[in-house]
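Participant: In case you want the letters, here they are:
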Amino acid sequence: MKSLVLKIFVLCWITHLVVFTVFMLLVRNIDLPGSPDHGPGGRESQDIVIQSPGPLSGKPDRGPRDHENHVGIAGQAAISALSSGGPQALREYLDSLSTAMDSPIYILNDRDQDVLGRTVPDEAVTTARRMRDGRGPGGKPFDMNRWEGRLVQSPEGERYVAVGQRRSIPHHGPHGWIGPSIMPLLTIIVTAGFVALALAYSLTAPIKKLRATAQQFAAGELEARVGPLVATRRDAIGELGRDFDAMASRIESLITAQRRLLQDVSHELRSPLARLNLALGIAARKAGAEAQDALDRIEHEAEQLNELIGQLLTLSRLESTHENLERSKLDLLVIVNEVAADADFEAEARGCKVRVTKRDSCIVRGVETLLRSAIENVLRNAISYTARGTDVEVEISRQIESGQPHAVVTIRDHGPGVPQEHLESIFRPFHRVEDARDRNRGGTGLGLAIAARAAHIHGGSISADTAPEGGLIVKLRIPAVTCETDSVSEGTA
Amino acid sequence: MDMTEKPTAQPDRLLVIDDDVKLCDLVREYLEPEGFDIEAVHDGTRGLERALSAAHALVVLDVMLPGCNGFEVLRRIRAESNIPVLMLTARGEDVDRVVGLEIGADDYLPKPFNPRELAARIRAILRRAARSSDAQSASADTDRISVGDVEMDLGARVVRRAGESIELTGVEFTFLEALLRSAGSVVSRTELSKTVLDRALTPYDRSLDTHASNLRKKLGHRVGGAERIKTIRGVGYLYAIAGVADGES
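Chains A and B supply the protein sequences, listed in that same order. All residue numbers for the first sequence refer to the working numbering, where the first residue is 1 and numbers rise by one. All residue numbers for the second sequence refer to the working numbering, where the first residue is 1 and numbers rise by one.
Chain B with its partners taken away, still in its complex shape (with noise of 0.2 Å):
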């Protein structure tokens, strides 16, 4: 009953695409008291037109859906919105975790799920988004970073490498941040998780490893001869000052 959470400039409605029509009743039931508005759709195609007419402050999606499966909507939605979406993955296919990541997934969760979790990981990424939203409409011309070639807009959410501008979802926006927040020393994976992910580290949970993965790709693995975004091995993430991150390595 943890209502202290900001609301987002948006009504709290919640898209969720499930085929299975009772859980969504379950979920409806849930969550409701825990002041979300829950709108259900159970198949893709319908699941998709709705998940972008902008009604919603989040989307969450089953991997297995009849007729367009779970990934194929996701990739549609990324390609003309970036509305967070938690990824509900099918338990046992450690894959598909990390195939939602990888096309853009906020975050997973895989089902059967504890619905507490369920509430929290929404929770968490609201209250990203609402950050960022904050962000954005506070935001000065001042409220950029610039490390080497990549230069972050936090007003405009804009990321630029080299003049060239580059797509991120939120999470790896704010994984972004992070790291250029503090380029040239190591960001410990116990601060990533509650900054980015906005959950404590669990025990082998690889969705930062996913995320700095799809920032490295994004990004480019190499600057100036060093390595963009290093791991420091069971510590966390470092992103390399040009010319000076390489001596410790």
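Chain A extracted, bound-state conformation (with noise of 0.2 Å):
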């Protein structure tokens, strides 16, 4: 994301900087027409700075018209000079005006010559001769040692051109042309990258949420949508964002259905099942004794399914339970205990043993009915799975991970253990791991799932493991309360 905000900005602002460099190219190309004498060749930076106390200070045109005015002004003020001290006042005065000016003005008369008598550049000749041809003051614009001419007249009606050169760049003062230039460039790079920064984020923003709910979305919220902060805008993302909710909605739709369906046909199946089991009890009761058997048989798979939509319907339910749990303080260490007390009763008809073999007592906030089937269920089947005559080892420890406190029940088998790549997918419904011996073992297939699922619905996780000398571990990690009490939910104890 960082990288993402940072491209567009870098884009954005060489680009706020490309376009102005461009502009101003063109301007100058607009102002400088037939000018092949004075081709851009080896210009382009000095006039970028020449043009920028112009439009960039706010005041356009202002240098080419001060000049005129200037040598208007000296022009008109030489003549007042020449008219009412004569030629001596008139020299003073260009004097005085020298020492201010680095080009020396010239009056000229009809005759192109200077009133002073000093000889006169071509250049200012030719100004001269357009001024008085009507053809204006001439000269190239932006050309800074071009000569400009002013008409004026003396108080007695005589007509002089006033002729001067247009000042060079630095007399512009001291900081004449360095501060209107660079500040105005440094403005720009500066307000260039505002610009660019508040582009970057605007369009990053939207696309951080949408990440973050879809994130969320796919961590199992499905009620998760990004919201008016991005829906609400009007452009590709804003559609992007509106799709994405939709998207959700359907989602989230088309789940709750699957979800409403599984368990409404497991609640459906339990009915007839009700039924079946009681007329079930009934013809036993009322066949023969060769019947007997296929009806044990029956009535065993008639187990089954009850075993099995019980299952389902802990599962749709625990998949569609959210935090709406009522959750108390427990003591995860008293759930084993009993748990692995009853299994133990459990494993005695396989000549196994459950031993618990570390106890650490672990405070934790959950459900207790799903904290004992999460690990009710992990321990049974660990006992289904473990050779004839083994032990299933649980441990229930409080360790830290990753800075949290968590009670970490970890519980191993001695079994045939799970091939390296099933050990994710075991905590999937109904995953066999493909092996014959698999099907006799009984079990729903569900068992895992549901201590998964109620692993997760505490915010903790489940993971399995091989051992090195074979069978199954498996971990489950439930955060535990930081600072241990005693006030331990009563009902636990």
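Rather than coming from a laboratory, the hints here were simulated on the basis of the structure. By construction, the Cβ of each residue, glycine as well, lies at the ideal position given by its N, Cα and C atoms. Wrong hints could be hidden among the right ones.
[Stated by the list, open to error] Below 25 Å or equal to it, Euclidean Cα-Cα: the simulated PhoX-like pairs (lysine-lysine) are: (1) LYS329/A / LYS358/A; (2) LYS194/B / LYS217/B; (3) LYS475/A / LYS353/A; (4) LYS230/B / LYS358/A; (5) LYS209/A / LYS7/A; (6) LYS286/A / LYS22/B; (7) LYS329/A / LYS475/A; (8) LYS7/A / LYS208/A; (9) LYS194/B / LYS218/B; (10) LYS230/B / LYS217/B; (11) LYS329/A / LYS218/B; (12) LYS230/B / LYS329/A; (13) LYS230/B / LYS218/B; (14) LYS230/B / LYS194/B; (15) LYS329/A / LYS217/B.
[Said to hold, decoys possible] Which chain B residues stay away from chain A? Per the calculated CB distances, all over 12 Å, these: (16) ALA55; (17) GLU72; (18) GLU164; (19) THR190.
Put the two chains together into one complex; each comes in its own frame, and the hints tell you how they fit.
Facilitator: Right, here's the structure in full:
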């Protein structure tokens, strides 16, 4: 995400600067009509600098006009001096001017001669003629060294042309050209930077939100939506956001419908199954001895079905359960002990034992029935797979994992284990490791899925691993309460 | 075909409250040869009415009923009557059975059930009820148990804590009686299952714990600084004699 912000920012910034440069070039070219002798070769940068005091300081065309005025005013003053004080006064005046200006101002009479008899450069003469012919001040705009003329009239009615050279760049003053040129440039760079940054964020913020929502959604929060921040935008991202929300709603309704169907089917199966069980009981009572085997078999299968439906309902209920469960503080150790005792009782039938090898008290906040069912399901799975005559070992310890205290329940059996590639999928409903032996184990294929879901609801996790000497190790991790107190909820003690 | 159980004072008339008509017919067909007389009602309101008519020895109550939910029916029955109730809970909804017992059902059976199991549970509850009514009729005022602040009058079926009368269901009463008779020593789960629930202990069955929890709630968790009813892990329960029992914890 960071890199996207950076990319957009840099791209946008560069774009701003390039656009600005191109714009300046265009402006310069427009202002340079028919000037083959002053081609742009090597002058662009200077042009930009020269131009900058104009449009960018908000006082367009100030430079040239300033100067025209300057020539005009100086010319007018010079003529006044001439008519009032004669050539001497004129000379003094022009001398005083020349300390302020680099180039002299010539006052030309009708014959293109300087009033003071100075030698006049050809260009100045040309300019003067153009003025007199009414062809404008002439020269080329923005040519710093061009000559400019101005018609002036003496009080006596004599016409002169004041011709002066446009002030060269440095004459804008000590900070004249550096100030007005660098400052606007910096302003442009900084402003463009801010604009680019704002653009980058306005583009990436909704994408960030979209991504977060997609992650929530993937994690099972089916009601997650991008919301108005994104969906109310009128651009493509807004459309994407709205489409995402529409998709999410659709998926949510599909999944909800599917879960409801599963739940309803299981519910509906329960009634006929209950009747079937009763009818079976009645039949068993009436049937002769030779039918008993078959009837026992039917009863066994019906019991399997009962179990399966029960588990299915448990799982579908867990999957549609969110945070609205009533949680209480309880000691997971107590539950582990109780379930282990029960499981030991069950394991005896297979000549196995369930031993609790490590007992840490772990206070967790949770739903007792769910935690119990999680541990019970993992434990019963272990019992059904562990080899005859071996022990199932249970361990509960309080561990710090990623900075959080966790209750870790480890259950290991001494069975055939699970191939590496199935270690994650055994927590999926009805997942069977491809193995014919599996079929005869009983169980519904839902136990581990229920355990995983229960762990998930508690913000915990479940994982499986193969023990080095064979057998499966299942670890249940449930976040523990940070500060241990002895105020365990009653009813579990 | 076990016909050896002692008939109670009342006829073996059962009330079945379940909206599944066909199921009720099958229950009748199954249980009548076992010596029970079945009255079936298919909705909660009418069921409640019949349950309170004192015409039955036991009520079989389904959790899922149209109109009035099974728990609600049970709650209203318990508000007025101590008639034994066997709750048919929804299999897969572990919460249901606990809730049922908490409200005061005598026992529960997840549905779909094995009919043999149904008959066995009904008999177990009836036997317990018969025992206590025997005790009631045969009681002398000597039949009292008193431990610490709790006093049980087995004849009048009354429990008092510090003189204050406490309402217990039939199971809870039997449970408390079993604990008080051996106060200060552990009563095993196996034994409790036998005397209180009248059935063999099965793994993963938490009925006893729920009843114990109910007793704790009703009687108070502690007595004289000790835990009143202490769970002995994997073994059973112990009712504390104040100041003595705590030593071994």
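Participant: Each hint needs a verdict: does it hold in this structure or not?
Facilitator: The hints, checked one at a time:
1. LYS329/A / LYS358/A: 21 Å, holds
2. LYS194/B / LYS217/B: Holds - the C-alpha atoms of LYS217/B and LYS194/B are around 23 Å apart, at most 25 Å.
3. LYS475/A / LYS353/A: The given pair, whose Cα atoms are some 19 Å apart, holds under the 25 Å limit.
4. LYS230/B / LYS358/A: 23 Å, holds
5. LYS209/A / LYS7/A: Cα-Cα ~18 Å, so holds.
6. LYS286/A / LYS22/B: 19 Å, holds
7. LYS329/A / LYS475/A: Distance ~21 Å between LYS329/A and LYS475/A Cα, so the pair holds.
8. LYS7/A / LYS208/A: With Cα atoms ~15 Å apart, LYS7/A and LYS208/A stay inside 25 Å; holds.
9. LYS194/B / LYS218/B: With Cα atoms ~23 Å apart, LYS194/B and LYS218/B stay inside 25 Å; holds.
10. LYS230/B / LYS217/B: 13 Å, holds
11. LYS329/A / LYS218/B: 21 Å, holds
12. LYS230/B / LYS329/A: Holds - the C-alpha atoms of LYS329/A and LYS230/B are around 18 Å apart, at most 25 Å.
13. LYS230/B / LYS218/B: At roughly 15 Å apart (the allowed maximum being 25 Å), LYS218/B and LYS230/B satisfy the hint.
14. LYS230/B / LYS194/B: 19 Å, holds
15. LYS329/A / LYS217/B: Since the Cα atoms of LYS329/A and LYS217/B sit roughly 17 Å apart, the hinted pair holds (cutoff 25 Å).
16. ALA55: Consistent with the label, ALA55/B stays out of reach of chain A, its closest Cβ about 24 Å off (over 12 Å).
17. GLU72: Fine: 19 Å to the nearest Cβ keeps GLU72/B off the interface.
18. GLU164: Nearest chain A Cβ is 20 Å from GLU164/B, so the label holds.
19. THR190: Given a closest Cβ separation of 10 Å, the condition is violated.
Of the numbered hints listed earlier, the single one contradicted by the structure is hint 19.
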